[in-house]
Every structure is written in structure tokens, then in C-alpha cells.
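Trainee: In case you want the letters, here they are:
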Amino acid sequence: MMQEFELIPNLFRQEFSKMVAVISKLYGLQHIEIAEDIVSETFLQAAETWKQKGTPLNPIAWLYTVAKQKTLYHFRRNKILTEKVIPELQSNLKATNEVNEVNFSTENIKDSQLQMMFAVCNPAIASEAQIGLALRILCGFGIDEIADAFLSNKETINKRLFRAKEKLREEKIKMEMPDEKQINKRLDNVLHIIYLLFSEGYYSKTQNQILRKDLCLEAMRLGIMLSENQRTNQPKTNALIALMCFHSSRFNARQTSENDFVLYEKQNDKLWDKDLINKGLQFLNLSAKGDEITSYHLEARIASLHCTKEHTDEKWEEILQLYNQLLLINYSPSIALNRTFALYKACGNEIALTEAKKLKLENNHLYFLLLGELYKNADSKKAKEHFKTAFSLAKTATEKQGIQEKINSLA
Amino acid sequence: MKEFALLFRQPSYDYSKTSKEEMQALQKKWQNWTASIAAQGKFVSNGVRLVADGKVLKAGGVITDGPFVEIREMLGSFIIVKADSLEDATTLAHGCPALDAGGSVEIRPIFG
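Top to bottom, those sequences are chains F and A. The first sequence runs 1 to 411 under my numbering. The second sequence runs 412 to 523 under my numbering.
Because the hints were derived from the structure by calculation, they are not lab data. C-beta atoms are modelled at their ideal positions from N, C-alpha and C, and glycine is treated no differently. No false leads were slipped in.
Here are some of the chain A residues that sit facing chain F, going by a computed Cβ distance under 10 Å: (1) Gln442; (2) Thr445; (3) Ala446; (4) Ser447; (5) Ala449; (6) Gln451; (7) Gly452; (8) Ser456; (9) Asn457.
From chain F, some residues computed to sit far from chain A (all C-beta separations above 10 Å): (10) Glu33; (11) Leu44; (12) His74; (13) Asn108; (14) Ala129; (15) His306.
Model the full assembly from the supplied sequences, consistent with the hints where possible.
Mentor: Below you can see the structure in the form of C-alpha cells.
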């Protein structure tokens, strides 16, 4: 019974995005809401029918058949078919010579999903809405899950998704692969959204651990999907996947306060997932081609060094150089802080302190945590002052607790 | 914040007698120094690096193999930074490896 109970939600997560992609591909992205409705209705019918008659032998085939019928019924019955779809379809059909039927073949599912990825990650849509839309359309997340991930409410998320879909229509975004000239730039957008999705899970505001892990896994799945297509399987794609593998390998070992270079050292490396680390190394090797070094390459390399946790001078020297390069590509306070921490590990606290003072990130509790750490062995009074400032700036109880422990350990 | 160009000049760019290790150390020094500016969020972009040999065209159509014998320091490369003032930008120039090589950093505001 338990299995039955979990079957439909699992299938929903797995199949929703595929079915929506295929139906939207056939009838046009402007009808994406209808595609969503059809798929949702299909699952509703599955829940009712399977409860009465038992689960069919091949549940996925059942879902595809019912969705197919519903799609045809809907568009046949609806005026949209005669007024809007057919004129467009005819021009589409002439161009692609496609049969007017819902095609759930593995190949068509993959193609449609990939095209949907490029459509959703179109730079014309604002990025916050984009992540929501990606979660919904590409990953099959429920509205309440998305609201949970953003620490928001259902109405806000619904509005955001509505606006994003409006934008799809306004900008006349089509489901198609970008041409050769554009693919590199457009792929950057797709990779960036996947990176944001992953970060949303990895550094999420929500306390819901399962949801956070799901977000990370979905981001990885999308990345791997890109690596399976010849045109999108580029070195930077592999670098991003490697990065996600390395980070995910530490998911179970992470303590409360993530994105925190100081507490990182307290992690229990026995909990690291060795399989994921090896997978990360494989993708990192694949990424070492071509002449483009992206931030994903640099971040993946840093993460790989963190996964081999021997604290040698050479290791920190290399991490420092990587952060140096990363800063030149894109600045963020977090990279600046991490770079200064690496400088401390590679060159000692005197040099690092001089550099740290220049950062002036006065509103950032991690900045004062770093200053405290740098003063710890030289001037414990100053260290304490900085830790106390960090404590007052920290926003969550778990972070405050970690900082309090540092203050206590100073004696 | 305003943008400034930091122009690096050195008396010599002859590294033919420099060992591989020394070159690497020098490269690290430059990287650390630029990253220090970037860590403050004040790095805008890398300029081009100029090859040491070139030609000079002077009035009257005289072409020579470079100005380098005539002035003590020659332009090697530049970066663009952003800073609140010329003084602030000058502070950023401290620690530049060109100074260690007996060279100088010229700080020039950019129009805009």
C-alpha cells in the first residue's frame, strides 16, 4: 500500500515535465497552460481509476495514452483548434512535416524537453520568475513546493508564474533549438538557470531538507540532459555538472550553517558521497577541453580540491589562484571572503589581515567571522570583538549558535 | 564610482634569463595583486598586454623599431579599475609588481 501511495507523486515529478513539453511542442508554447491542465487532469484521473481498478501494468504507458486522448479531445472540441491552432499548425506542419499527433516516443520527449529548457531559460523572462517557471515546467514541482523553496506563498508564486507565461507569449518565444550562431550564448543562459536552481536548493532559505535535496537533484538531472545532446554537451556543461556533483557529495555532511568557509572544516568527511565525488571527477575531466575557462570550471576545481581534504600548502595555494581568477570573472562578496580565507591558509594571517581590512563588508556577518578567525591566534581580544559583531549581524539562530561557540572557545 | 586606467611601465621586459619557477612566482604576484583589487569589487577589466617589440612612426615619416631606447620605462599593459577618487585609485596601485621591477604605475581617470 505504501508503494501505491508514493507511486503517483513520484510519477508526477518524473513525467509531468515530459508530457507538458511534448504537448506544448505540438500545440505551441502559447498554450502551455492547457498542456499543464491536461497533464494534471490525467494524473487526477489516474489517482481515481487506479484506486478503484488497481495500478495498471505499465503506469507510464497508461498516462501517455490518457494524456493523448485528452489532448486530442481538448483541441478538437475547443474553438482554439479552428481559430488559432490550425492556421499556425499548418504553417508549422509545412515546415516540419510532423504528424498532428501527440508523440510520446523517448526521442521526441528528449527533444521537446531540451527545447522547453531553452524556451524557459530565454533571457527575455525575468530571472526570479524564470527559476519558478523552471521548477514548475522543467522539474514538475508543485506550487506549494515552489512557495516553500522561496519562503513565499502560493498566491505570489502563482502570480509570478502567470507573468512569466505572459512573457513567453508576449515575446513570442518558440520551442526550438537556437541556431548554430546563437547556441553558445543561449546555452550560457540555460546553464546559469541550472546553476541558480542548484544554489536555490543548496543554500535554500527553507528548512525542508528533502525539498532542498530534490532541487539539487533536479538541477543535476537537467545538466545531465544537456550533456546527452551533442550540441549542448560542451566543456562548460560538464564543468557545471562536475561542480554540482562535488557539492552534492557533501550534502549529508553539511552542518547547519552552509556557505560558511569556517565551519566547513568541521564537516565529517566520512559522510561524503564517494560515488558522487568520482562522478564529479569524470565530468571535470570532460570539461578540460577547448579554450574557454568559465566560472563553472574554476568553482568545480575548487570544490574538487575541497573534496580531497588534506590540508597541504600546495592545495591552498591552488585554491587561492582559482579564487583569484574567479574574482576577475565575477565579483561577489562571498567569493572575496573565500579568497581571503584561502590567502590566510596559503600565506598566513598577517597578509590575509591586510587584505581583509580592505574588503569593508561591514554589513556581512561572515566578514566579521573571517576577521575574528584571522585575529584568533594574534589578538584574542580583537577576535572576540569581531565574533561579537558577527553574532549581532547573523540572521538565523543556528548561525548565532555557531558563532557563540567560537566566542566561548576563546576563553 | 569613477573608472581609472592603471598603466604599468617597466624599464625592461626581458625575461629571457628568468627561470620557469621565477616566471611562475611573478605571475602569481600579478594575479594576487589584481585579485586584491577585484576582492574589493573595484576591478573593471583587463587591458591588453603589449608585446615588447614594435615600431614607432614619427612626424616626417620616420619609422623606428620602438621608442624604448629613448624613454626609461616602456608601457607594458594596463587594467581598468573603479574608485571613488584619484587618491583612492592611487591607493589601489600600491603593491603592484611593476614597482618591484623598478617600474611605475600611472593612474589616469577615464572620460565618461
